[in-house]
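Engineer: Kindly generate the complete structure, drawing on both the sequences and the hints.
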Amino acid sequence: MYTERVMDHFMNPRNMGEIPDADGVGTVGNPVCGDLMTVYIKVKDNRLKDVKFKTFGCGAAIATSSMITELAKGKTLEEGLKITRVDVADNLGGLPPVKMHCSNLAADALHSAIEDFKKKELKK
Amino acid sequence: MYTERVMDHFMNPRNMGEIPDADGVGTVGNPVCGDLMTVYIKVKDNRLKDVKFKTFGCGAAIATSSMITELAKGKTLEEGLKITRVDVADNLGGLPPVKMHCSNLAADALHSAIEDFKKKELKK
Amino acid sequence: MRRVYMDHAAGMPIDPRVFEVMKLYSLKSYGNPSSSHSFGVSAKSVLSESRERVASLIGAEKPTEVIFTSGGTESNNLAIKGVAYRNKDKGNHIITTAIEHISIINICKHLQKQGFQVSRIPVDNQGLVDPKKLKDEITDKTILISVMYANGEIGTTQPIREIGKIAHESQINFHVDAVAAAGKVPINAEEENIDLLSISSNDMYGPKGMGALYIKKGTRVQPVVQGGGQERGLRSGTENIPGIVGMGKAAEIAQEEMEAEGKHLTKLRDTLIQGVLDTIGSSHLNGHPTNRLPNNANLRFSYIEGESLILGLDMVGVQVSSGSACTSKTLEPSHVLLAMGLAHEEAHGSLVFTMGKQNSEEDVEYVLEVLPGVVKRLREISPLTPKEMLR
Amino acid sequence: MRRVYMDHAAGMPIDPRVFEVMKLYSLKSYGNPSSSHSFGVSAKSVLSESRERVASLIGAEKPTEVIFTSGGTESNNLAIKGVAYRNKDKGNHIITTAIEHISIINICKHLQKQGFQVSRIPVDNQGLVDPKKLKDEITDKTILISVMYANGEIGTTQPIREIGKIAHESQINFHVDAVAAAGKVPINAEEENIDLLSISSNDMYGPKGMGALYIKKGTRVQPVVQGGGQERGLRSGTENIPGIVGMGKAAEIAQEEMEAEGKHLTKLRDTLIQGVLDTIGSSHLNGHPTNRLPNNANLRFSYIEGESLILGLDMVGVQVSSGSACTSKTLEPSHVLLAMGLAHEEAHGSLVFTMGKQNSEEDVEYVLEVLPGVVKRLREISPLTPKEMLR
Ligand SMILES: Cc1ncc(COP(=O)(O)O)c(C=O)c1O
Ligand SMILES: Cc1ncc(COP(=O)(O)O)c(C=O)c1O
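Protein chains in written order, with my numbering: chain Y, 1 to 124; chain X, 1001 to 1124; chain U, 2001 to 2391; chain Z, 3001 to 3391.
A hint or two may mislead.
[To be verified] In silico EDC-like links for lysine to aspartate or glutamate, alpha-carbon gap of 20 Å or less:
hint	chain 1	residue 1	chain 2	residue 2
1	U	K2044	Y	E4
2	X	K1124	X	D1045
3	Z	K3028	U	D2089
4	U	K2023	Z	E3020
5	Z	K3023	U	E2020
6	U	K2217	U	E2261
7	Y	K52	Y	E70
8	Y	K52	Z	E3380
9	Z	K3387	Y	E18
10	U	K2387	X	E1018
11	U	K2113	Z	D3089
12	Z	K3113	U	D2089
13	U	K2376	X	D1008
14	Z	K3267	Z	D3130
15	U	K2028	Z	E3020
16	U	K2044	U	D2278
17	U	K2028	Z	D3363
18	Z	K3387	Y	E70
19	Z	K3028	U	D2363
20	Z	K3044	X	E1004
Simulated from the structure, these hints should not be mistaken for lab results.
The structure presented is a predicted model; accordingly, all values stated were derived computationally and were not measured.
Structural biologist: And the structure:
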């Protein structure tokens, strides 16, 4: 069902964990639906210095979360916002169709974390 | 499907053939239906001295024809009229249900031959 | 005693190569394709491989156009009832032929009770459907045309391509019952304008209890069996993976070997037919002489009845049939032979030889050796046989 | 790596003794029971032997009350639609439960579109149906009550005998989906007042693509598949003799070995359940503790999701399920767990272990060895896990 890359990210998730003093936090999904992801970011000089995640969900949900952290790390905020669900799936070698729509929320979580950071910046 | 006795009478029919100077002839069935039997009898002193048959039809039709000649031979006319389809089937060790109704016409053919003989006698 | 089985239309052995692959999926790799774990993943992958093989055999454009079922009868049910119920907003008229398999006949009767109209095109004395007559029956209420590719009993193959064109031009769903033809003659569903095509696994040396229905993309069909939504929702129930793998393998072998086997069988068939017509008086060939399945010889012997012929041959080791195995229990003569214009007593006296790849020239020789005696004996018993013939 | 397959509800190996008898009827004795010759006669005789074996397993009075089908789903279709359509002159109301298999659910939905009324009896938090509640739903339009013998997912077995009595007193057809139960717990259709009973072959180590429906003498049922009139006209299509023989053999073995195997499995099951509840925090048993299938353990782990648990276990060689294999592709949590009152996130975190006769105590030990680590790892990844738990 899953590609080897998906299984690798599922078994050895990159950047798993919280960032207690995160500059932005984004949460998408709902445990009721079976998927909940939180992405934490640390920003420096308009760049995503650190990206971490915590995820409740299926194998695809965990793997896409892990992948988004890899893709996002070191990118500018603008570049981060341009990472799409499709990018995440492509970098994992593809996802089963049923998972494309339901569990591929990681890009949304990243975007939400960046928006959160921006909102906080404005308030400063 | 068929008992050994049926197969025996089918493969080695008893009293097969015509009686050119028969005292009575009975034919039942119809080639259109797939079964046609003719029974020939020779009568002496109110007894069935000889009984022969010719049959177009399935295995059961041939076996029951053969059996009726064995059952009838030597019997009185009254006894002959009392031989039933069930007697024929029983003496063959049974027949498949579907064949009981359709191909078990031999008793009828015998009865018809006896009636034919009686009719002829009356006319004499 | 020699054993010569020539009733392949009623039942076939499974090819040992097919059985071998079924073994693995029966005993070791028994996962459910819906499962998320590795057993499930491997089941899912052989499921789609098998689908590709079947699709390739029948010239489907996409493997997903193939739906696995439990056999030819179920495929026919899904095709006919599936199209009828799903398209009843468009019309209620179905065109079929007088010589279809009993399953098509009974499905149509069932639909007639529910208000559908069914036209049955007659055939000529060789069992051929006339496409023009079929065309004349089309109305604006016609939603389905169903014609068999070949008749398993008389062997006649139909002008499917021509009928497909007619159906296509009128934008009417075209179903073809190819149960007796698939694996024996080349079929290309896409090119022949076929929208639905029924096939059965055992008829090509695959496992019994397996079939498939080709449903061309875009064809609207309602399922007959509701449930877990397997086979794109069109045929629910846990997939019979050993059966599906077996059918896939059988399709692959059939595709590879069809040409060689067809030649082999055609030769046996023609030797048998010619031999019988030459040596047995008042014998006749039923069906078309050349537009016929390579493995089918349907022969008629005047004055005697088919079932007694079957029994007589069985006693000398030869297994044949008197028509469709399904209908033989009703004792009715074959509706196919009657539709070709044969008299009842002629229909009763017909024998169907269906050969398989294990049959050899020696088998045919043996049949030609024993058959005349069996016919003669039964003719001696029959009151219909002309006296001259017995001398 | 050790391999421990505990997803028998999704797919089972065929018992090698079953496969052995199928071999003969696949390769050598491949006659059609409708044929008149010796090949046909021998097929007919094993057909009725197999029918007797299945009849005996489920306590049918007469073998002819058993109709062979292509699986549990088809049996359910024949039972529910067959009774509904055939008895619609009497009424249009069907009573079933909230935890039936997806096939029953979807068949009922199909019937609702055609004007039938369906009442679904709720279950308690252990998955039990209350016969009194069921009785209250009966109206003079009720023509069918359908309740599963056991649920393959949560393992709970129902008070069938009691419900049968209620149905019998009200003279309503009583259908029981025993697909998950047959061969595992004793069933006596006659004594339990069951009119129709669905079973599946693979669920008792028989071939896939085979099932049966018990139809008590006198029960009026309309066929779902029309055709050549096999199986007393209730299920047309050439009989799958290897499959039928296999199912017969599987039924025979199940009957002989049920008691011993039941003890063995119950012991494994209870060791597994106790071991998990003892060693893994925030874990729970779903379903009834004692009224449950001997081979089923349905366990819930808070804060994590089932599919990732399945994958995690698969990576260490353990195959399990997160619910009905059929529904797993929809990503919806189990309707059965929701019907028992579980919250969505609880339902998402459940795992189904279904053991088979090849499983050993060592298998259970292995699961108890690896499962805590898999759960722990996923809880570390999950944002829902309470901080205290991770220390
Ligand atoms: C032309 C045709 N259609 C359909 C069928 C039915 O197939 P099955 O009995 O395998 O379901 C047959 C069977 O011989 C057939 O010859
Ligand atoms: C209770 C129940 N009924 C019916 C079925 C459907 O059986 P099948 O998928 O073999 O057709 C299942 C399958 O697991 C089941 O558990």
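Engineer: Hint by hint, say whether it matches the structure.
Structural biologist: To see whether the hints hold, each was checked on the structure:
1. Of the supplied pair hints, the one linking K2044 of chain U and E4 of chain Y holds, its CA atoms being roughly 16 Å apart against a limit of 20 Å.
2. Among the hinted pairs, K1124 of chain X with D1045 of chain X is consistent with the structure: their alpha-carbon atoms are about 16 Å apart, no more than 20 Å.
3. For the proposed pair K3028 of chain Z and D2089 of chain U, the alpha carbon gap of about 49 Å is over 20 Å, so the pair is violated.
4. Our distance criterion of 20 Å between C-alpha atoms is met by K2023 of chain U and E3020 of chain Z, whose separation comes to about 10 Å.
5. Straight-line distance between C-alpha atoms of K3023 of chain Z and E2020 of chain U comes to about 10 Å, which keeps the hinted pair within the 20 Å bound.
6. Distance restraint check for K2217 of chain U and E2261 of chain U: the Cα-Cα separation of roughly 32 Å exceeds the 20 Å cut-off, and the hinted pair is therefore not satisfied.
7. Restraint check for K52 of chain Y and E70 of chain Y: the C-alpha separation of about 9 Å stays at or below 20 Å, so the hint holds.
8. Straight-line distance between C-alpha atoms of K52 of chain Y and E3380 of chain Z comes to about 13 Å, which keeps the hinted pair within the 20 Å bound.
9. Restraint check for K3387 of chain Z and E18 of chain Y: the C-alpha separation of about 12 Å stays at or below 20 Å, so the hint holds.
10. As the CA atoms of K2387 of chain U and E1018 of chain X are separated by approximately 12 Å, the hinted pair is consistent with the 20 Å bound.
11. The suggested pairing of K2113 of chain U with D3089 of chain Z holds, with an alpha-carbon distance near 16 Å, which does not exceed 20 Å.
12. Our distance criterion of 20 Å between C-alpha atoms is met by K3113 of chain Z and D2089 of chain U, whose separation comes to about 16 Å.
13. With a C-alpha separation of about 18 Å, the suggested pair K2376 of chain U and D1008 of chain X falls inside the 20 Å cut-off, and the hint holds.
14. Of the supplied pair hints, the one linking K3267 of chain Z and D3130 of chain Z is violated, its CA atoms being roughly 28 Å apart against a limit of 20 Å.
15. Of the pairs offered as hints, the one joining K2028 of chain U and E3020 of chain Z holds, with about 15 Å between alpha carbons and a cut-off of 20 Å not exceeded.
16. Restraint check for K2044 of chain U and D2278 of chain U: not satisfied, since their Cα atoms lie roughly 55 Å apart, outside the 20 Å limit.
17. Among the hinted pairs, K2028 of chain U with D3363 of chain Z is consistent with the structure: their alpha-carbon atoms are about 17 Å apart, no more than 20 Å.
18. Restraint check: the Cα-Cα separation between K3387 of chain Z and E70 of chain Y comes to about 25 Å, which exceeds 20 Å; the hinted pair is violated.
19. Of the supplied pair hints, the one linking K3028 of chain Z and D2363 of chain U holds, its CA atoms being roughly 17 Å apart against a limit of 20 Å.
20. This hinted pair checks out: K3044 of chain Z and E1004 of chain X have alpha carbons roughly 17 Å apart, not beyond 20 Å.
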